[in-house]
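Chains as they are written, first to last, in this note's numbering: chain U, 1 to 233; chain E, 1 to 773.
Check each hint, because a few of them may be wrong.
Stated by the list, open to error - Just the calculated beta-carbon pair ranges, DEER-fashion:
id : chain 1 : residue 1 : chain 2 : residue 2 : range
1  : E       : L24       : U       : D149      : 32 to 38 Å
2  : E       : K18       : U       : E21       : 40 to 46 Å
3  : E       : E614      : U       : P119      : 40 to 46 Å
4  : U       : S97       : E       : G435      : 21 to 27 Å
5  : U       : V16       : E       : W714      : 22 to 28 Å
6  : E       : W714      : U       : I230      : 40 to 46 Å
Claimed, not checked - Coverage of chain U stretches by chain E, computed from C-beta distances (three or more under 8 Å per stretch; other residues unrestricted):
id : region
7  : 40 to 46
8  : 111 to 118
Said to hold, decoys possible - Dumping the calculated EDC-like pairs for lysine to aspartate or glutamate here, alpha-carbon to alpha-carbon at most 16 Å:
id : chain 1 : residue 1 : chain 2 : residue 2
9  : E       : K447      : U       : D121
10 : E       : K447      : U       : D151
11 : E       : K180      : E       : E124
12 : E       : K447      : U       : D54
13 : E       : K320      : E       : E124
14 : E       : K216      : E       : D239
Note that these hints are calculated values from the structure, not bench results.
All of these numbers come straight from a predicted model, not from anything done at the bench.
Even for Gly, the Cβ is constructed at its ideal location relative to N, Cα and C.
Take a look at the letters that make up each chain.
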Amino acid sequence: MDTRIAGPLLELNKAVPSFEESGLPPVPFSMKLMPGDCMVVEARSTSRATMFADLCCGLVPLDDGAVRFMGLDWADLHDRELNALRGRIGRMTRRASWPEFLNTHLAITLQQLHHTSRPLDDIVAEAARLGELFGLPGLPVLRPSMLSDVDLLRAGCVRAFLGRPRLLLLEDPLEGSPVDLQNPFLSAITDARDRGAGVIWLVRNNAIWQGYRQGITSIWRLADDGLVEIRTA
Amino acid sequence: MSSDEIVDPTVQNDASIKRVLLHLVLPFGVLVLVVGAIAAIGLHSYRSTRAGVVALTHELLGAVQQNISQEVSDYIMPAMAGNIIASGMITHAPPQVADRVFNSYGAAMLQSVPQLQSFYLGDEDGHFRLITRGPDGKNQERTTFELHDGKQVYHREFYTDDGVKTGEEYTDATGYDPRKRPWYANTEGKTDTQWTQPYLFATARQFVMTSSLRFKGANGHTYVFATNISLNELSTFLDHLKVGKTGNAIILDSKGRVIAGRNIMQQAEAAGWDPNKMVLDPKTHPVFARGYDHYRVRGFGPRSFELNGKRYVTIASPLKNSAEGWILLLSAPESDFANFARQSSQQSLQFAGIIIVFSLVLAGFLVRQVRRSERVARKLGQQGAQIAHETAAVQQVAATPRLFDPTAEPLVLTEQLVHITDARRASIWRLLHDGAAMICEDSYDQKQDAHSGGFEMSRADLGELFETIEAGDVLTVENAATDERTRQFERLVMRELGTRMLAIYPIHGPKGIMGGLVLEDAHMAPHLLYFVDLMASIAGIRLAETADDAGTHALAAEDIPGTATSATPLPAPRYDNMLMQAPQVAGVSTSGIYPSVAVLVITFSDPVVDGEAETKSLLQLINALATDVQRISRERGLFAVEVAGHRMICMAGCTVEEDPTAIIRIADAALTMRETFMATLAAANLEPVFAMGLDYGAAFGGAVGEDPKVFNLWGQTVSLAELMAQGASDGGTIQVTDRVYQALRDRYLFRSRGSFFAPHLGLGRAYILAARR
Numbered sequence: 001m002d003t004r005i006a007g008p009l010l011e012l013n014k015a016v017p018s019f020e021e022s023g024l025p026p027v028p029f030s031m032k033l034m035p036g037d038c039m040v041v042e043a044r045s046t047s048r049a050t051m052f053a054d055l056c057c058g059l060v061p062l063d064d065g066a067v068r069f070m071g072l073d074w075a076d077l078h079d080r081e082l083n084a085l086r087g088r089i090g091r092m093t094r095r096a097s098w099p100e101f102l103n104t105h106l107a108i109t110l111q112q113l114h115h116t117s118r119p120l121d122d123i124v125a126e127a128a129r130l131g132e133l134f135g136l137p138g139l140p141v142l143r144p145s146m147l148s149d150v151d152l153l154r155a156g157c158v159r160a161f162l163g164r165p166r167l168l169l170l171e172d173p174l175e176g177s178p179v180d181l182q183n184p185f186l187s188a189i190t191d192a193r194d195r196g197a198g199v200i201w202l203v204r205n206n207a208i209w210q211g212y213r214q215g216i217t218s219i220w221r222l223a224d225d226g227l228v229e230i231r232t233a
Numbered sequence: 001m002s003s004d005e006i007v008d009p010t011v012q013n014d015a016s017i018k019r020v021l022l023h024l025v026l027p028f029g030v031l032v033l034v035v036g037a038i039a040a041i042g043l044h045s046y047r048s049t050r051a052g053v054v055a056l057t058h059e060l061l062g063a064v065q066q067n068i069s070q071e072v073s074d075y076i077m078p079a080m081a082g083n084i085i086a087s088g089m090i091t092h093a094p095p096q097v098a099d100r101v102f103n104s105y106g107a108a109m110l111q112s113v114p115q116l117q118s119f120y121l122g123d124e125d126g127h128f129r130l131i132t133r134g135p136d137g138k139n140q141e142r143t144t145f146e147l148h149d150g151k152q153v154y155h156r157e158f159y160t161d162d163g164v165k166t167g168e169e170y171t172d173a174t175g176y177d178p179r180k181r182p183w184y185a186n187t188e189g190k191t192d193t194q195w196t197q198p199y200l201f202a203t204a205r206q207f208v209m210t211s212s213l214r215f216k217g218a219n220g221h222t223y224v225f226a227t228n229i230s231l232n233e234l235s236t237f238l239d240h241l242k243v244g245k246t247g248n249a250i251i252l253d254s255k256g257r258v259i260a261g262r263n264i265m266q267q268a269e270a271a272g273w274d275p276n277k278m279v280l281d282p283k284t285h286p287v288f289a290r291g292y293d294h295y296r297v298r299g300f301g302p303r304s305f306e307l308n309g310k311r312y313v314t315i316a317s318p319l320k321n322s323a324e325g326w327i328l329l330l331s332a333p334e335s336d337f338a339n340f341a342r343q344s345s346q347q348s349l350q351f352a353g354i355i356i357v358f359s360l361v362l363a364g365f366l367v368r369q370v371r372r373s374e375r376v377a378r379k380l381g382q383q384g385a386q387i388a389h390e391t392a393a394v395q396q397v398a399a400t401p402r403l404f405d406p407t408a409e410p411l412v413l414t415e416q417l418v419h420i421t422d423a424r425r426a427s428i429w430r431l432l433h434d435g436a437a438m439i440c441e442d443s444y445d446q447k448q449d450a451h452s453g454g455f456e457m458s459r460a461d462l463g464e465l466f467e468t469i470e471a472g473d474v475l476t477v478e479n480a481a482t483d484e485r486t487r488q489f490e491r492l493v494m495r496e497l498g499t500r501m502l503a504i505y506p507i508h509g510p511k512g513i514m515g516g517l518v519l520e521d522a523h524m525a526p527h528l529l530y531f532v533d534l535m536a537s538i539a540g541i542r543l544a545e546t547a548d549d550a551g552t553h554a555l556a557a558e559d560i561p562g563t564a565t566s567a568t569p570l571p572a573p574r575y576d577n578m579l580m581q582a583p584q585v586a587g588v589s590t591s592g593i594y595p596s597v598a599v600l601v602i603t604f605s606d607p608v609v610d611g612e613a614e615t616k617s618l619l620q621l622i623n624a625l626a627t628d629v630q631r632i633s634r635e636r637g638l639f640a641v642e643v644a645g646h647r648m649i650c651m652a653g654c655t656v657e658e659d660p661t662a663i664i665r666i667a668d669a670a671l672t673m674r675e676t677f678m679a680t681l682a683a684a685n686l687e688p689v690f691a692m693g694l695d696y697g698a699a700f701g702g703a704v705g706e707d708p709k710v711f712n713l714w715g716q717t718v719s720l721a722e723l724m725a726q727g728a729s730d731g732g733t734i735q736v737t738d739r740v741y742q743a744l745r746d747r748y749l750f751r752s753r754g755s756f757f758a759p760h761l762g763l764g765r766a767y768i769l770a771a772r773r
């Protein structure tokens, strides 16, 4: 069992991202994501959404303020701890993120193999189970470039949810995806939240998350004036 | 940190470099500085001492040189001064007594001045007189140059030191002319004292030189008075002179010929008794040769140089009151003077070495102490973290609503126990029926992150374990499979997870032992006992409440029709596809929608068989299970049991009117089946390879087909029951839907499994049916 942390899982405390490095508006970003929360962030620009996810991962230098994940300030950590902490994040991104030198099953399990001492069989079993959940007949073993877009999206889902991540940064996996991915995706989100994970779901339009309306904790918009809360469920 | 994570990001190692700097580099850096400072001071001290020693050496040598100059001057002075005195005496004496004056003066001087060898007196007319020592150095010999019978002869008269004539002789002196002798000739035209070149008397082994002075007598004659002075005495003096410890001195003339010095006779012999060849040989006198070279290049003064790896000091100075151009050369090894400085440096070095060794030892102690204190601080930090950890866990337990309410689930207890003790699984077992059986109230599996429970074990199976728990002792077994007391428990419960270590802590209640806390593969530290005891106490209070409640509910359970204890049993199952009782199927009266059907789906894992014997035994086992299901279904008055492949679907309440007892009967049946299955499978040494799903709600069905008619049921209730069975977290668990939970929450114990998003159904919660209350 993982310890549920008492405070916020992710906290942006007046974090001003460096405009030069990220292209995000250099205004203070403030929000708190508690364990089990699911937060929808509407961002029209996919690149901005990616940068916001980077900001949450501590990949964007800050001009001011702090970003804390599980109570740890990204800025205070050293590389070793930074990497280990990022190992607790499951992420789906629009940015090209599949290595061509690895087959998909390795690319999926690489994170767990790198960060944990779990037996390979465990990881593969979990990945296969997730693969089946997301509509794959098993773990894909071809190179990522040889998979169809939809299957790659499914594989991306498997990669993001593998290893019980504490934070899920999901850049709109449902947009343009087949309908049958929606249920497993929402099921996986619910499952992860039940375990205490926090979810940041970055979407381009409102239609996507309507089916999960009852499960959304809060809705925010990422605009030129920063992060604005629209409604709290 | 999750136990699988390799790096714990919450533990910062940034202090390591700083720590190394502070704990190792700093002390050793300071030590090196100290050592360097000591070495620098030592070097400086050595250098300044050496410079002082060199200055002192030069001063000492200067003093020695002055002393020698004085000595040489004193040595030669009688010859020089004697010439003047004698010439004055002879000049002023009447001519008749001039010979006597000469003899008297010569005799007196020879008696009192040992280095004087003889005196000559010659004049322009070729007269010559000589007074000299005897061959043995005693007595005197007076010689005059005379003409006897037209022959030139020496008239020698021998006298004692007291002036008594002891004999005389005449020897031939043909061709001798004193005016041609060097001592006479070199005074030509000069009025001051002149020195001849040294010359050697090989027979007498004397090294002699002559000083001569030309003067005019009262009678107008020109006289030359000469004094032979032996340089042997000077050499002996220099021989005995000590310059430092091993140094010595030498006197050279302006052409580098040796005048006096150590072993002068050997040198003379080596030179073939030729004074001109007595020059400094670098082979025999390397130091003096080098010193003389320095003098020739750089002039008078002290010089230092290194020769054959040894440092020497030489000093060259002119000798005043001596023959013209004489040089005194002193040499000594620098070590003679600097030895004490070296010894002092060595002592300083030894002291420095001792200080360095002490410093090293102290630095080592310091580092050791710092590391030790750091280790202790780290341990304290870890203990602090552990305390904070436990406090947080206790707070989490304390913050759990309805902690002591037996109707609420005690999930937090097992979760926190696992969390704190890092056990694979923690479970709370309650003793039932006055200790005849034990039921698992809740079991939490860390790896699966799942709760389960409801397993029941009887004393008949686990007698020794029961006794151990009832004894109230803590039981810790490293390998549960090898211990008599826990072997059966390991087979029944632990083998499923593959755990080895077992720790059982008794749960004390107001009426004695209520049950036990079971930890599998726990990393127990002594300080964790407090926490486990606390959890056991809380569990004890809960179990006591549960026991009280069970008493009040017992009667209600008995009132349920169709239960095992009911007096009026329901009709036998009407449709039983497994039993294939066609006549009963034919008796179905209604078909359509049933408002409150309870559906239990049991799924078995596909068996793996290898060989006929195994297949046979498996079929027997399946038959036994089927027989049990038949029996239990009849006992509980179920409506039908369908069997299809590795699934069984049991149903109750297929009536048009709502049947509130259907769900209770089927839940009872499910629990009984589970216990029976578990026992049967454990007896066959098999894992619990089945899962059960239960739902309750509306469904529609009816008899289908002809001869025989088969009853079948459809609807969401059936689907959900199947989903529950398929999605059961663990083998041997009964997973139920929210509706079942709502219907049975007052009668049975449930554990929440969490929220699930089911396709077409949306978010819903699933529960594990654990046990009867």
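Now for the hints, and whether the structure bears them out:
| no. | hint | verdict |
| --- | --- | --- |
| 1 | E:L24 x U:D149: 32 to 38 Å | violated (57 Å) |
| 2 | E:K18 x U:E21: 40 to 46 Å | violated (29 Å) |
| 3 | E:E614 x U:P119: 40 to 46 Å | violated (29 Å) |
| 4 | U:S97 x E:G435: 21 to 27 Å | violated (60 Å) |
| 5 | U:V16 x E:W714: 22 to 28 Å | violated (60 Å) |
| 6 | E:W714 x U:I230: 40 to 46 Å | holds (43 Å) |
| 7 | 40 to 46 | violated (count 0) |
| 8 | 111 to 118 | holds (count 4) |
| 9 | E:K447 x U:D121 | holds (14 Å) |
| 10 | E:K447 x U:D151 | violated (29 Å) |
| 11 | E:K180 x E:E124 | holds (11 Å) |
| 12 | E:K447 x U:D54 | violated (30 Å) |
| 13 | E:K320 x E:E124 | violated (32 Å) |
| 14 | E:K216 x E:D239 | violated (40 Å) |
The structure fails to meet hints 1, 2, 3, 4, 5, 7, 10, 12, 13 and 14 from the earlier list, while all remaining hints are met.
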